[in-house]
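2 protein chains.
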Amino acid sequence: MTGAEISETGTEDIDAAILEIGGRARAAAAVMADVPEAAKNAALHAAAAAMRSNEAALLGANARDLAAAADRGFNSAFIDRLTLDSDRIKAMVRSLEDVASFPDPIGSVAAEWTRPNGLKISRIRTPLGVIGIIYESRPNVTADAGALCLKSGNAAILRGGSESFHTSRMIGDSLRNGLKAAGLPQDALQLVPMTDRAAVGAMLRMNQHIDIIVPRGGKDLIARVQEESRVPVIAHLDGNCHVYVDAAADLDMARAVTLNAKTRRPGICSAAETLLVDKRAHNSHLAPIVNDLIAAGVEIRGDEAAQAVDNRVVAATAADWDTEYLDWIMSVKLVNGVDGAIDHIEKHGSRHTDSIITEDPAVAERFVGAVDSAIVLWNASTQFADGGEFGMGAEIGISTGKLHARGPVGLEQLTSFKYVVRGDGQVRP
Amino acid sequence: MTGAEISETGTEDIDAAILEIGGRARAAAAVMADVPEAAKNAALHAAAAAMRSNEAALLGANARDLAAAADRGFNSAFIDRLTLDSDRIKAMVRSLEDVASFPDPIGSVAAEWTRPNGLKISRIRTPLGVIGIIYESRPNVTADAGALCLKSGNAAILRGGSESFHTSRMIGDSLRNGLKAAGLPQDALQLVPMTDRAAVGAMLRMNQHIDIIVPRGGKDLIARVQEESRVPVIAHLDGNCHVYVDAAADLDMARAVTLNAKTRRPGICSAAETLLVDKRAHNSHLAPIVNDLIAAGVEIRGDEAAQAVDNRVVAATAADWDTEYLDWIMSVKLVNGVDGAIDHIEKHGSRHTDSIITEDPAVAERFVGAVDSAIVLWNASTQFADGGEFGMGAEIGISTGKLHARGPVGLEQLTSFKYVVRGDGQVRP
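Residue numbers (my numbering), protein chains in the order written: chain A, -16 to 412; chain B, -16 to 412.
These are computed hints drawn from the structure, not numbers from a lab.
Watch out, some of these pointers could steer you wrong.
The list makes no distinction among identical chains, and a pair is therefore deemed to hold if it is satisfied within one copy or across any two copies.
Capping the alpha-carbon separation at 30 Å, the derived lysine-lysine pairs in BS3-like fashion look like this [as the list claims (entries may be wrong)]:
no.	residue 1	residue 2
1	330	103
2	202	330
3	262	163
4	163	330
5	262	330
6	163	103
7	103	262
8	73	330
9	73	163
10	262	202
11	73	262
12	202	163
All values derive from a computational prediction rather than experimental measurement.
Start from the sequences, fold in the hints, and give me the full structure.
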């Protein structure tokens, strides 16, 4: 760690401290850009070993954070996310080892061609530089995000929620020990030691030393970061995902996919929030799907057609169509075919992930062509919107931005590139 | 055109007018995203034909701008950039036809793979959306940038320098007529009718309707845009490019490449500004290269070694190493081998374009690996840093940013992507 916890500090002192962290990260990034994959993998394995052997100390640090959080009256979901146990530590260790096993994107040739004048142009993947991660009190983000930044040759500045301070510091120490053991600069991974919110502001302004900010957390955090940041941000604000069931949908498939898209894990960003049903499938598809959802414990907020299915369906308000519930709630309405679905998603969607269920390829292609979301699925659950499920390995998050990274943000999305041009004395006419 | 020239307007009115332009651009972008290549090419060819047949009117509009500029006492370089003649109009027409001949990036599959569960994932190129172009009084930018945005399926909002107002409007009308002739929305290309600087500010704040800003012009313009913009910016601020002549350089090649890198066109961003010579090549290489440059009319600002070559060499000051002259001036110094060159470029370079001249492949690879610039050349002139020379067709500019586009920004760099996932009913376990 770069210093002791500072809990009462003036804003100027915080700015100066963050600037110093930034300068050290920039210097470490220059070294990390050019280290062989073996050294980065050695650092990850050493960090995994350190974390495994420090399990008792890690649980102790976590107990300290948990006690403080309990005193401050956080709810059980918050406490659950903050809690480590032996299994969760094993999962973090495994994720470090997984990232070590992914191919190193750095130095790989993304494209290569030769010009008529003999110049050979190569587009080579390089690290982005310094990545700032701002996240809430989820200890695993420290390990996962730190490992992804390390493997992609970047330096990371991590600022986790203050309630996970001791736990995150212990995890960060394991990663820094791993870097040291592999002969790499420890400053490639730094945790911000200040719990003040002003430290976040200082990071968001430090565009000379941070190349990109990745916020991980709830909507308030993302909104604040997107509003204040002078550094480019990769994130998504909302995951208001839709399932559209077309008249040509296979009913069994539509039932299974909708149920999975909503209920597998209702609290993740790729959970479906709104079900749109083709009005031509009103009689055939609407009731079976809505009844499945109700049976699974989902509250349905629907239009008149949905309300007619079951008296437990409540009337949807205008706000429902724009709401990401992240909960056991789903809004349901009839639309006028695929074009009605496209219109609704254009107006109310968040350009994250949307799915169409249909057996008609022409209708499906119309949907995937027109829906302007990072991920558009045909006959599959929205919950596949995930770097691991895409085969990209771990991810640092999902981006709905149109620049640089869109969809799952894995190792390759944490890189930039440069052109290397090899000649034999060419001058330009 | 969307309206008459408005020269005296309140800031609120300007904000409202820009917002209206933005809303129309957003609607047009949704249409443009999904039109076939043939329609876009037809629009470009129709625009080229319109411009060709309107040559007299275009020269008349240009004469009006030139007369106003002469009254306001602009210098001859400014007047030259603003001036159209028959050849320059032909060049613009040709550039529209060239862009029509480039392959359409939209809809192409950048990557495709199948997961073990049968999900077929495709990464499909899509337009960025709405691109704002802010530029100085260079009429050809209206045609070139407009054509690139149109072919890449984006909507463009163009705000050129006020001194080229009538000329740019006439060029914009040709493009809009082309769009209309091809049945495409004219609002895919809009010129901002206000000459007030406040209109630029309104564009830079309008992140709900503009996805990316591309500034084209001098350093003051770029700096203002980068500082003020709430919309992501693709640009470069400086092109402080270096040529490093290693001890293992072929002397003839080093002379030819350095002379070309400086003098072919000293005013473009890829012109070399600083020559670094390996101190082990002091006796063999320094004098011949410096003498070539002096004979060509280049003022040399050098360290002691360079001053010893010729009494016309003046002493470089500390500021010289950070200066992009864009003129017949070059700074020259000895460095301690390739690592000295890398250090100097790290401290003083602008991460745009840098070149090494050497016959030693190991030294070359050390340089291209360590120099963190968008374009790094080995045995070739820095003036190849250009989209056309890279074989990418026309370019809208060069980016030194690390996110999204780096190096020449051509059609492909004006795109985003989405993931299309095709399944047969997969649900996530």
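Going through the hints against the structure:
| no. | hint | in the structure |
| --- | --- | --- |
| 1 | 330 <-> 103 | between (47 Å within a copy, 28 Å between copies) |
| 2 | 202 <-> 330 | within (20 Å within a copy, 39 Å between copies) |
| 3 | 262 <-> 163 | neither (62 Å within a copy, 36 Å between copies) |
| 4 | 163 <-> 330 | between (51 Å within a copy, 27 Å between copies) |
| 5 | 262 <-> 330 | within (19 Å within a copy, 65 Å between copies) |
| 6 | 163 <-> 103 | neither (38 Å within a copy, 41 Å between copies) |
| 7 | 103 <-> 262 | between (57 Å within a copy, 29 Å between copies) |
| 8 | 73 <-> 330 | neither (43 Å within a copy, 44 Å between copies) |
| 9 | 73 <-> 163 | within (22 Å within a copy, 62 Å between copies) |
| 10 | 262 <-> 202 | neither (33 Å within a copy, 57 Å between copies) |
| 11 | 73 <-> 262 | neither (49 Å within a copy, 55 Å between copies) |
| 12 | 202 <-> 163 | neither (36 Å within a copy, 42 Å between copies) |
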